[in-house]
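2 protein chains.
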Amino acid sequence: MSSIIDQAKKAKKASYTMFSMSSETKKKALLSIAEALDNRKAAIFEANARDMALAQQTNLAMPLQKRLLFDESKLLTVCEGLVQLSGLEDPVGKKLLATEMDDGLSLYRISCPIGVIGIIFESRPDALVQIASLCLKTGNAVFLKGGSEAAHTNRILAQIITDAAISSGLPEGFLTLLESREEVTSMLALSDYIDLIIPRGSNAFVRYIMDHSDIPVLGHADGVCHLYIHEKADTDMALSIAVDSKTQYVAVCNTAETLLVDASVADTVLPRIAEALKQKGVTLFGCEKSAKLLSIPVVSEWHHEYLDYQMSVKIVDGIDEAIDHINQFGSGHTDAIVTSDKSVAEKFMNDVDSGNVFWNCSTRFSDGFKYGFGAEVGVSTSKIHARGPVGLEGMVTYKYKLFGSGQIVDDYASGRKTFKHRPITD
Amino acid sequence: MSSIIDQAKKAKKASYTMFSMSSETKKKALLSIAEALDNRKAAIFEANARDMALAQQTNLAMPLQKRLLFDESKLLTVCEGLVQLSGLEDPVGKKLLATEMDDGLSLYRISCPIGVIGIIFESRPDALVQIASLCLKTGNAVFLKGGSEAAHTNRILAQIITDAAISSGLPEGFLTLLESREEVTSMLALSDYIDLIIPRGSNAFVRYIMDHSDIPVLGHADGVCHLYIHEKADTDMALSIAVDSKTQYVAVCNTAETLLVDASVADTVLPRIAEALKQKGVTLFGCEKSAKLLSIPVVSEWHHEYLDYQMSVKIVDGIDEAIDHINQFGSGHTDAIVTSDKSVAEKFMNDVDSGNVFWNCSTRFSDGFKYGFGAEVGVSTSKIHARGPVGLEGMVTYKYKLFGSGQIVDDYASGRKTFKHRPITD
Numbered sequence: 001m002s003s004i005i006d007q008a009k010k011a012k013k014a015s016y017t018m019f020s021m022s023s024e025t026k027k028k029a030l031l032s033i034a035e036a037l038d039n040r041k042a043a044i045f046e047a048n049a050r051d052m053a054l055a056q057q058t059n060l061a062m063p064l065q066k067r068l069l070f071d072e073s074k075l076l077t078v079c080e081g082l083v084q085l086s087g088l089e090d091p092v093g094k095k096l097l098a099t100e101m102d103d104g105l106s107l108y109r110i111s112c113p114i115g116v117i118g119i120i121f122e123s124r125p126d127a128l129v130q131i132a133s134l135c136l137k138t139g140n141a142v143f144l145k146g147g148s149e150a151a152h153t154n155r156i157l158a159q160i161i162t163d164a165a166i167s168s169g170l171p172e173g174f175l176t177l178l179e180s181r182e183e184v185t186s187m188l189a190l191s192d193y194i195d196l197i198i199p200r201g202s203n204a205f206v207r208y209i210m211d212h213s214d215i216p217v218l219g220h221a222d223g224v225c226h227l228y229i230h231e232k233a234d235t236d237m238a239l240s241i242a243v244d245s246k247t248q249y250v251a252v253c254n255t256a257e258t259l260l261v262d263a264s265v266a267d268t269v270l271p272r273i274a275e276a277l278k279q280k281g282v283t284l285f286g287c288e289k290s291a292k293l294l295s296i297p298v299v300s301e302w303h304h305e306y307l308d309y310q311m312s313v314k315i316v317d318g319i320d321e322a323i324d325h326i327n328q329f330g331s332g333h334t335d336a337i338v339t340s341d342k343s344v345a346e347k348f349m350n351d352v353d354s355g356n357v358f359w360n361c362s363t364r365f366s367d368g369f370k371y372g373f374g375a376e377v378g379v380s381t382s383k384i385h386a387r388g389p390v391g392l393e394g395m396v397t398y399k400y401k402l403f404g405s406g407q408i409v410d411d412y413a414s415g416r417k418t419f420k421h422r423p424i425t426d
Numbered sequence: 001m002s003s004i005i006d007q008a009k010k011a012k013k014a015s016y017t018m019f020s021m022s023s024e025t026k027k028k029a030l031l032s033i034a035e036a037l038d039n040r041k042a043a044i045f046e047a048n049a050r051d052m053a054l055a056q057q058t059n060l061a062m063p064l065q066k067r068l069l070f071d072e073s074k075l076l077t078v079c080e081g082l083v084q085l086s087g088l089e090d091p092v093g094k095k096l097l098a099t100e101m102d103d104g105l106s107l108y109r110i111s112c113p114i115g116v117i118g119i120i121f122e123s124r125p126d127a128l129v130q131i132a133s134l135c136l137k138t139g140n141a142v143f144l145k146g147g148s149e150a151a152h153t154n155r156i157l158a159q160i161i162t163d164a165a166i167s168s169g170l171p172e173g174f175l176t177l178l179e180s181r182e183e184v185t186s187m188l189a190l191s192d193y194i195d196l197i198i199p200r201g202s203n204a205f206v207r208y209i210m211d212h213s214d215i216p217v218l219g220h221a222d223g224v225c226h227l228y229i230h231e232k233a234d235t236d237m238a239l240s241i242a243v244d245s246k247t248q249y250v251a252v253c254n255t256a257e258t259l260l261v262d263a264s265v266a267d268t269v270l271p272r273i274a275e276a277l278k279q280k281g282v283t284l285f286g287c288e289k290s291a292k293l294l295s296i297p298v299v300s301e302w303h304h305e306y307l308d309y310q311m312s313v314k315i316v317d318g319i320d321e322a323i324d325h326i327n328q329f330g331s332g333h334t335d336a337i338v339t340s341d342k343s344v345a346e347k348f349m350n351d352v353d354s355g356n357v358f359w360n361c362s363t364r365f366s367d368g369f370k371y372g373f374g375a376e377v378g379v380s381t382s383k384i385h386a387r388g389p390v391g392l393e394g395m396v397t398y399k400y401k402l403f404g405s406g407q408i409v410d411d412y413a414s415g416r417k418t419f420k421h422r423p424i425t426d
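Going down the list, the protein sequences come from chains A and Y. Under the working numbering, the first residue of the first sequence carries the number 1, and numbering increases by one thereafter. Under the working numbering, the first residue of the second sequence carries the number 1, and numbering increases by one thereafter.
You may find that some hints are simply not true.
Copies of the same chain are indistinguishable here, so a pair counts whether it falls within one copy or spans any two.
As the list claims (entries may be wrong) - Okay, derived cross-link-like pairs now, BS3-like style, lysine-lysine, Cα gap no bigger than 27 Å in a straight line:
1) K74 x K41
2) K28 x K74
3) K41 x K66
4) K417 x K74
5) K94 x K420
6) K28 x K278
7) K292 x K9
8) K9 x K28
9) K347 x K28
10) K420 x K280
11) K74 x K420
12) K232 x K289
13) K420 x K27
14) K10 x K347
The set of hints was computed from the structure by calculation and includes no laboratory data.
Sequences are here, hints too, so could you generate the full structure?
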């Protein structure tokens, strides 16, 4: 096997070829990957059976075993996804701005691929197919590292995808599968070849990546999401949204971790919500007031992501304290308000400094698929480049193309010519 | 004076208030800053005279003294800029996407300020006014550090701007002027309070900032720009563009540093261009072939930004070698081709991995003002977030606002409801 730096050089070279890849080539490649996966499903299931057997031997936790399984139904889902993606508009080559700077001097801002993207993802082998296909659609070469539990499945999936893509006209080096933790560490130093890293995994892992690379990192280390019950909230709605935000799927980043309740309604609303959450098995930790009211332990740390049937509760003195608390202790991921007062909701949505701000609905809605983006490569809490769920748009950049007919700057600097700056509409 | 961390906390707090600042407040503030600068011009000129006297005493280089001068004409220019900026469309609160996820569940992607921006800029005091007003227009609080030569001028300008802005409704802490290098070093560690740093200055300085901060940095360390003369170039046009790209203003980032010429036309074209450049006082350094052809020294390093009357020359075997050379030795800033062949130009513009790719015009055109952006805070060679000249659009981010009426995710996960994902057009 060639060294990681040779692989990175190859990926960079491939990415240059991919800059001018046609929409038709990409479409053909996505469809032929779907076909190849279906044709070779027996071999995929066999490889997956090896991973599953190892997982059982090593007593991998049951939820992880469930994620690891790649069966007929998962295959169908990824193939449907490939077909859908092939039909979506090409995110590359879009005209984002067009200005006639002067006669015969036209400026365009055109969307284009980023280059080489490094993606580190969790155990699900279906994620490999999704990520590879998103990169293909956006014209980016990709370095991929999946969970080691899925090594056999990932290897065969990567091989099938690479073969089908290359047969359809993609360059060698378009996809590189990394197989060891050491290779990930090496990848972090390859800022000459890799343009963006998207890590998905535990907080500690993502934080480690962010702290140890000069390459821009897109993602989120933690999701400390808040649900704020304003004094003008409908109590039934608040109850239903609180239960859904906390318990619909506890192990994910958009689950609410802290409940804020206005002091004026805490006595009436909070006991009902607490009871409903208790019924679902949620343990609460409170501020001094709420701890007393609900007979629960006092919270130790407000910036805390439980990812479990646990939740912090704080009684606040209205919208300003709620917003301050969220901006101080949140993680900029997703925060929601329940209120019947539109102007209060608008203030909340403007002033809370998070990528996703919701009114009268569950925090669990912040997700690329639910948003209708068709696909998602992750959720970003960064404020630079892409924020919130990152779909195709977050995986492209742009360049300025200036078409001239011999113009020189000296003519404009000396006043012999002046710029016209007319918008081009065609 | 309060510590830098207290100032940063105050700036962060101010930025939260600025999230929901109206377009009217911003417009009023920009106009009242222009008025205040004009009213207090005597005091500004007096402060500038002190900086100029010190510059003369310390024998500051003449071009720098020229940049330092803040006179009636500079005042007029910055005031005109403020009035123009006040009239531009508000970049904040723009609807970038609108989807009805389901009945009564509407998703919007809305542009919003980034938060607190740290900007380190060169000696020109007029830059302080431009940068502060760009931050105001985009709703960002700002940490500013100017050149120490301009300390007196910067101090009074910052004071006048802050007073006028606060009288117009901006929060205290909207603008913080840093005055020492040590404060810049401290600023680099304030990732909890500062969201983005935009450094302008020498390569070494920008590189230092990039290497020493966890805060995202937008800008460019160097500008190794290329001009490629294709075999189908009009010779007169090539000559004129080469002279302009190299000599129109040698000390700036979009000046061409390397000339690439196709081997098939090198014998005829290169001596003419070399002669014209020599007339302008340019010293050339060549590849082996061109060094022999032109009797010039051999170049020592291709990735080199002269910022002076010097230029590298390389004879290449056609478009592929030209593109490879640029992608390997360029800095992703600005690269131009001269050719009469449209398909060759298109290949060049697609495959050269730079923020600005030009056909048949001078590299010196890559600039926010020339592009018609009205204002520019710098040029980015990053591929993430903003690329090329960065105007108002590069100084905002976005957030997702989801307006519901009690929706919970469990209804969709269980299949009781399904998403509709209809585009909202209103």
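Hints, one by one, checked against the model:
no., hint, result
1, K74 x K41, "within (11 Å within a copy, 71 Å between copies)"
2, K28 x K74, "within (22 Å within a copy, 58 Å between copies)"
3, K41 x K66, "within (19 Å within a copy, 72 Å between copies)"
4, K417 x K74, "between (62 Å within a copy, 22 Å between copies)"
5, K94 x K420, "both (24 Å within a copy, 26 Å between copies)"
6, K28 x K278, "neither (52 Å within a copy, 53 Å between copies)"
7, K292 x K9, "neither (62 Å within a copy, 32 Å between copies)"
8, K9 x K28, "within (26 Å within a copy, 53 Å between copies)"
9, K347 x K28, "between (47 Å within a copy, 22 Å between copies)"
10, K420 x K280, "neither (65 Å within a copy, 30 Å between copies)"
11, K74 x K420, "between (56 Å within a copy, 23 Å between copies)"
12, K232 x K289, "within (20 Å within a copy, 79 Å between copies)"
13, K420 x K27, "between (40 Å within a copy, 25 Å between copies)"
14, K10 x K347, "between (50 Å within a copy, 20 Å between copies)"
When the structure is compared with the earlier hints, violations turn up for hints 6, 7 and 10 and for no others.
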